[in-house]
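**Student:** Each chain, letter by letter, is given below.
2 protein chains.
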Amino acid sequence: MHIDELDTPVLTIDLDALETNLDRYQAYYTKHGIGLRPHIKTHKTLAIAHMQMAKGAIGLTCQKLGEAEVMVGGGLNKDILIPFNIIGKQKLDRLTALARRTEKLTVAADSAYTINGLSAAAAADGVTLGVVIEVETGSNRTGVTAQEAVELGQLIDKSPGLELRGIMGFPTAPSVRPLIQEILSLFDQHGLPHPIVSGGSTGYAMQAHEIPELTEYRSGEYPVGGYGHLVAGRHTVEQCALRVIATVVSRPNDDRVVLDGGSKTMSASIMQTDKGPSIGYIVEYPEARFYAFSEEHGHVDISACTKKPVIGERVQVLPVHPCPCVNEHNELVATRKGRVEAVWPIYARGKIR
Amino acid sequence: MHIDELDTPVLTIDLDALETNLDRYQAYYTKHGIGLRPHIKTHKTLAIAHMQMAKGAIGLTCQKLGEAEVMVGGGLNKDILIPFNIIGKQKLDRLTALARRTEKLTVAADSAYTINGLSAAAAADGVTLGVVIEVETGSNRTGVTAQEAVELGQLIDKSPGLELRGIMGFPTAPSVRPLIQEILSLFDQHGLPHPIVSGGSTGYAMQAHEIPELTEYRSGEYPVGGYGHLVAGRHTVEQCALRVIATVVSRPNDDRVVLDGGSKTMSASIMQTDKGPSIGYIVEYPEARFYAFSEEHGHVDISACTKKPVIGERVQVLPVHPCPCVNEHNELVATRKGRVEAVWPIYARGKIR
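So the sequence lines, in the order shown, correspond to chains A and B.
Residue 187 in the working numbering is what sits at position 187 of the first sequence, and the numbering runs on without skipping anything.
Residue 291 in the working numbering is what sits at position 291 of the second sequence, and the numbering runs on without skipping anything.
Worth flagging that the hints you see were computed from the coordinates, not collected in a lab.
The structure presented is a predicted model; accordingly, all values stated were derived computationally and were not measured.
You may find that some hints are simply not true.
[Claimed, not checked] To be clear about the criterion: a stretch of chain B counts as covered by chain A if any three or more of its residues have a C-beta under 8 Å from a C-beta of chain A, and this derived list gives those stretches: (1) 5-19; (2) 87-94; (3) 136-142; (4) 250-263; (5) 287-300; (6) 325-334.
Cβ coordinates follow ideal geometry from the N, Cα and C atoms, glycine included.
Generate coordinates for the entire structure from the input sequences, incorporating the hints supplied.
**Tutor:** The following block contains the structure:
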């Protein structure tokens with residue numbers, strides 16, 4: 001089947017671009033002796049996760065337990081990190097069961113509350129859970145200070161059923177190296193192990209070597225790129241593998257066309273660009289601006305286009321943020337040189353628990 | 001099962017609030033003799049659509065063909081309006097097939113391109129498709145001018161397989177009445193029928209009677225409300241039926257907690273409030289501000305709270321925009337007075353084609 005035969009809107013991934021991205025990032029991490037632990041939240045598919053592991057990834061990152069269950073159930077049970085505080089009896093029950101089906105399972109914690117829950121569940125079920133402490137490295141989200149990390153490390157170290165495995169942070173710009181060094185020094189002073197020092201964020205993925213203390217790196221978007229990565233120069237247009245194909249369904253005047261995909265297709269993510277807010281980059285019409293959405297309509301300003309798209313025409317759109325875009329879809333169509341090679345179910349879509 | 005036994009994050013709907021909203025809006029439309037044609041894009045569930053029809057709705061609005069197929073397949077085949085330009089062979093094939101399974105099916109068009117496609121498909125398949133012309137009433141999206149509407153009306157009127165049914169607009173603030181009157185007058189001058197004059201938008205839903213020319217009104221969010229409707233005074237907190245229950249998973253300091261739901265739970269929709277951008281309204285902590293999200297984290301400023309939420313605590317969150325929020329989820333849990341009464345699959349979720 002040719003890509004032009006796909007009804008629209010449809011989420012596609014270009015396999016040549018995908019493989020190029022997988023190779024160039026894996027080569028970087030192999031060169032620097034840092035483990036690459038891809039974050040599956042971006043693509044949420046088994047097929048791509050299997051490709052990442054086959055190319056040399058040390059394990060996977062799954063933001064939610066339900067995503068980890070999908071990956072482990074799909075044969076990817078070697079090494080899973082869940083960088084999230086797992087709380088509550090229902091999830092803890094599933095977590096200890098998952099630990100039995102996974103060769104190496106590690107979760108993150110940033111509070112005694114989380115650690116105590118993990119320990120009670122692990123001890124009751126007779127399993128050992130690996131735990132890394134989440135430290136605050138600039139996101140102002142979850143994560144603790146250096147001193148708190150030591151205290152939590154000591155708590156984990158003495159808690160039944162738990163194994164202290166080190167620390168993680170998000171994001172880990174090169175500038176956070178002194179903080180990481182400080183924490184590791186404190187850990188050493190207190191005899192706390194830290195076999196895992198995990199950094200993350202695709203934005204700094206090619207600077208991971210500037211923090212030599214990192215043993216591994218978590219990156220989600222590197223396989224697919226996106227409008228933000230294009231602007232930042234991390235991916236060329238050709239390397240932006242994830243694309244929504246949409247059709248022009250209306251052209252009310254010569255300054256505006258409407259596509260058959262809005263927030264339910266692209267996600268409600270909006271990126272600020274130098275031309276104003278944008279919902280996506282239209283490959284065939286770089287001068288056009290996808291400036292707004294309704295749920296099923298994409299509003300595109302074509303006033304700057306010399307050649308103008310017409311009703312019935314198809315365009316390829318790079319999402320501004322691939323992860324939420326993928327989460328709107330049930331399937332990802334894998335193509336190569338215009339041919340549809342596979343239709344991949346997005347199995348981990350909607351796994352919020 | 002009690003609502004507190006549901007694992008989080010989870011999308012819930014309060015049945016008492018839902019029924020109150022269905023009744024009060026239906027009563028308004030019945031009183032004014034305007035047909036209520038609920039837009040199912042908000043809830044995307046068969047159960048609520050059946051309730052809306054049972055309470056007196058004249059038919060349903062489905063933004064995409066795939067949504068209409070779900071509704072008709074679920075027994076709701078009385079009267080469907082798809083206010084969207086249906087383009088391309090694959091969709092047109094499905095559309096004419098759907099017309100056979102629906103007592104009354106109407107689609108919108110705003111171009112000769114769309115009309116010619118509809119006519120060719122209908123004539124080839126031996127069915128009649130009802131068509132309304134979408135007119136521009138303030139959204140700067142799709143839709144034509146008064147003069148263009150007449151021209152398209154004449155085209156529809158002479159096109160095999162099509163039946164001109166009138167006009168539709170979105171949104172239809174009371175201020176657009178003169179435009180609607182102008183169009184209807186032009187239609188009358190040219191002998192063009194307009195049995196349907198369809199208005200829409202929940203924002204103006206209770207002002208529909210100020211345009212007496214409207215024969216029907218499309219509203220999606222009235223059954224569930226949301227943060228925007230709360231601010232606008234259209235729904236009380238109690239009438240905001242759609243709620244995400246989330247758990248506090250981290251409290252890095254006394255100014256911030258993190259919930260276990262971010263954009264993958266709430267959608268990436270952001271609303272500007274007088275306190276800054278917001279992702280949702282936290283019912284138990286009105287002083288808190290859900291100011292940012294990651295995909296699986298909700299970032300909440302609790303600096304203004306006198307009593308502060310603690311790790312492990314559950315809160316109810318009103319989304320800022322219910323429609324995209326629902327589209328992130330596979331199931332909607334219907335509750336009443338704390339008891340889980342049903343778990344409804346969100347069958348029309350992700351139906352973008």
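**Student:** Each of the hints needs a verdict: does it hold here or not?
**Tutor:** Okay, the hints, checked on the actual structure:
For the region 5-19 of chain B, the proposed coverage by chain A is satisfied: 4 residues have a C-beta within less than 8 Å of a C-beta in that chain, meeting the threshold of three. Three residues within the 8 Å Cβ limit are the bar, and the region 87-94 of chain B against chain A gives 4, so the coverage statement holds. For the region 136-142 of chain B, the assignment as covered by chain A holds, since 5 residues bring a beta-carbon within under 8 Å of that chain's beta-carbons and 3 suffice. For the region 250-263 of chain B, the stated coverage by chain A holds: 8 residues have a C-beta nearer than 8 Å to a C-beta of that chain, and at least 3 were required.
Remark: the region 287-300 of chain B is confirmed as covered by chain A, as 5 of its residues place a Cβ nearer than 8 Å to a Cβ of that chain, reaching the required three. For the region 325-334 of chain B, the stated coverage by chain A is satisfied: 4 residues place a CB nearer than 8 Å to a CB of that chain, which reaches the threshold of 3.
Of the numbered hints stated above, none is contradicted by the structure.
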